[in-house]
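Residue-level listing of the chains:
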Amino acid sequence: MTKLIHTPIKRRQFLAGAGTAALVTGFPAVLRAQEPEAIRLGLVHPVTGFIAFSGTQCRAGAEMAIADINAAGGIKSMNGAKLEAMLADSQGRPELGASETARLIEAGATGIIAGYSSAISLATSQEAAKTMTPHIVDVGVADNIMERNLENTFRFAPGFGSVSRSAVEALKAINAGGEAKTAVIIHEESLFGTGTAELLAKELPGIGIEVLEVIKHANPTRDFTNIALQLRSLQPDLIIPANYYNEYVLLARTLRQQRIAAKGIYSVLGGAASNVQFVKEFPDAAENIMDCNHWYDPNSEVAVQRRAAAEEKGLFYTYEIFLAYNAVAFLADAIERAGSTENEAIIEALNASTWDNHGMPYGPTKIENGQNTGAQAVNTQVQGGEIQVVLPEEFASAEVIFPVPA
Amino acid sequence: MVNSKQLVALLVIFGLIATCPFWIASAPTLNTVIAILYIALLGQAWNILGGYGGQFSFGHAAFFGTGAYTVAVLQIQFGINPWLGMVAGGLFAMGVALFVGFASFRYGLRGSYFALVTLAFAEVLRILSNSVGFTGGGVGILIPLERDIANMQFANNRGYFWLIWTLCLACFLTVWWLGRSRFGAWLMAVRDNEDAARALGVDVFKTKMGAVALSGFFSGLAGVFYAQFYLYLDPLIAYGSAISIESLLVPIIGGMGTLFGPLIGAAVIHTLSEVTRHNIGDVPGVALSIYGVLLILIVMFLPRGLISIFSVARRAISKRRTADA
Chain A
4 MTKLIHTPIK RRQFLAGAGT AALVTGFPAV LRAQEPEAIR LGLVHPVTGF IAFSGTQCRA
64 GAEMAIADIN AAGGIKSMNG AKLEAMLADS QGRPELGASE TARLIEAGAT GIIAGYSSAI
124 SLATSQEAAK TMTPHIVDVG VADNIMERNL ENTFRFAPGF GSVSRSAVEA LKAINAGGEA
184 KTAVIIHEES LFGTGTAELL AKELPGIGIE VLEVIKHANP TRDFTNIALQ LRSLQPDLII
244 PANYYNEYVL LARTLRQQRI AAKGIYSVLG GAASNVQFVK EFPDAAENIM DCNHWYDPNS
304 EVAVQRRAAA EEKGLFYTYE IFLAYNAVAF LADAIERAGS TENEAIIEAL NASTWDNHGM
364 PYGPTKIENG QNTGAQAVNT QVQGGEIQVV LPEEFASAEV IFPVPA
Chain B
3 MVNSKQLVAL LVIFGLIATC PFWIASAPTL NTVIAILYIA LLGQAWNILG GYGGQFSFGH
63 AAFFGTGAYT VAVLQIQFGI NPWLGMVAGG LFAMGVALFV GFASFRYGLR GSYFALVTLA
123 FAEVLRILSN SVGFTGGGVG ILIPLERDIA NMQFANNRGY FWLIWTLCLA CFLTVWWLGR
183 SRFGAWLMAV RDNEDAARAL GVDVFKTKMG AVALSGFFSG LAGVFYAQFY LYLDPLIAYG
243 SAISIESLLV PIIGGMGTLF GPLIGAAVIH TLSEVTRHNI GDVPGVALSI YGVLLILIVM
303 FLPRGLISIF SVARRAISKR RTADA
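These protein sequence lines map, in sequence, to chains A and B.
Residue numbering for the first sequence is 4 to 409, as defined by this note's numbering.
Residue numbering for the second sequence is 3 to 327, as defined by this note's numbering.
Misleading hints may appear alongside valid ones.
Said to hold, decoys possible - Derived, one-sided and incomplete: chain A residues facing chain B with beta-carbon distance under 10 Å:
no., residue
1, G58
2, K79
3, M81
4, A122
Don't read these hints as lab results, they were simulated from the structure.
C-beta atoms are modelled at their ideal positions from N, C-alpha and C, and glycine is treated no differently.
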């Protein structure tokens, strides 16, 4: 039979043990108490629905920015407070975007970054305006988003008035030899495509290009054969598409299959023409396509590093990623300078922003009525399976090829 | 007797809903109540024609969008006050509904043919609104943000709550009246057996026209509310199939041809959607899938709508009482 040996714990041993245990279990709590409270940012994107790809890319870009800022020490003026993402899905519906924005604000969001599409951005910014919560429009390009004079609403990237003007000026420079005399515009039917088409149809005759036809298509459209046949009969020198990614890819592939030859395909905010995924997956259809779009400065080390980091994560480095990234970083910079999470202080800091660590061809931010007036689109062209910047010259990584070889 | 009880129940329920702004401090929660009332209005409007009249429409967006565009266009293009625009929105939507109804009922279209015609009308209006200038085409139409009661833009959500509460109550009272009126009896007779109703002397065409007019009017008012609440419209928002689906889903889930079905349907559908969205994590699409599965389960096990739970429970209680006796 085993004899039990009674070894009582002495009082001193007990006190030492209990003290050590208290220290071990309690100290992290003391440390936690000293850690500044996280600053919560609401990210409202359409991660399901018909624009889910772009919404998902936006979310990925915004989350990358938050991770990078936290890794670099968080918001230093607020004792290194970390940023925390609050995620919401608008499902591509403005009313859902608005209700999700209200929910995030009530749950403590210091700022909102939304909402990829212009229609959703209109709704989310208006909802955020009710509580004067700072709202950064990441991608939505409609000019009327910024024309409502909402004091809480800011846009880092250019609107489509500015992009279309840049597009027309660049096209004038590209077509200085007068090779292109006619064009057909093909656009999707929502705010983005229609607005762009209207502006171009008005401006192109001024630079000596006659618009033969403006062709509108629905979202989604899964067969572009009829449009290709129309193009064959019209024989324009330039084909100008303005549509979202899926339709752009289908259109470009159909043009290739139907052997529709033009002197060039020139997109404005083309959903795919400045999209790495399109170029990698359909190199033949993408080759030589020109686009006036959001793009990073290829000479910027910051931008090149960000692209490498995104690609390391297996992401296609599309404009949604770097615009959403910069929208978060732009807001974080304002919070840093404000040293506060008060709405008024952040809005004041956003208005006074001269932030330049964005890797975009913009120069330091200069805000007027919420819009970064330094923001501009650039012209890209797919050359040898790579997206090259061809205009403006100070940011160019290659020379434009026009007319494109048959 | 049943109708009087229903009226009391209706007034009590709307009375309880009316207390919401006094104890709900959270803006998103009040937003949820507003959304439920708005969807209930859409659903009840459809229920007048589909539930009480048996004419299944797949294109109620045609009426919703017309109401929404009317108030927006009148404000932007003609400077007409939105309070007047609201009446015009309802009437214009009613006009479109009468046109659709005339074109369909005059030629005896019913069942799936009527459903397809309504769907086609909504699609035609979507394409038209995309093409003509005064709707803003594909760019859409943005109502300027000028918060003032005179502009039907309220400083906070309470104003919108009272607006949709009033519209919803008016619609529900109309449906309650349908349940006790001669017109309602004709309508239900047409739904149950059109030929028998005709044989009994019911003017089937006029009855259906009356139902489509009422249904269109209230759908148009829902459109007006949407336009004033979100201040932006485009053809897909106004005439897209999502609105038509939402309009019919609510009474089907809640209980077609019943007074309270659309309210129950709206509350359950919206709450389910919110709960799944906020509690299933951030993996895109999972919340939507679970929401879809739950809807399928409801339709499978309660084909007469959620409201049938009450009659099932009542039958079970009376059976037990009989057994006890």
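Could you tell me which of the numbered hints above are not met by this structure, giving the numbers in increasing order? 2, 3
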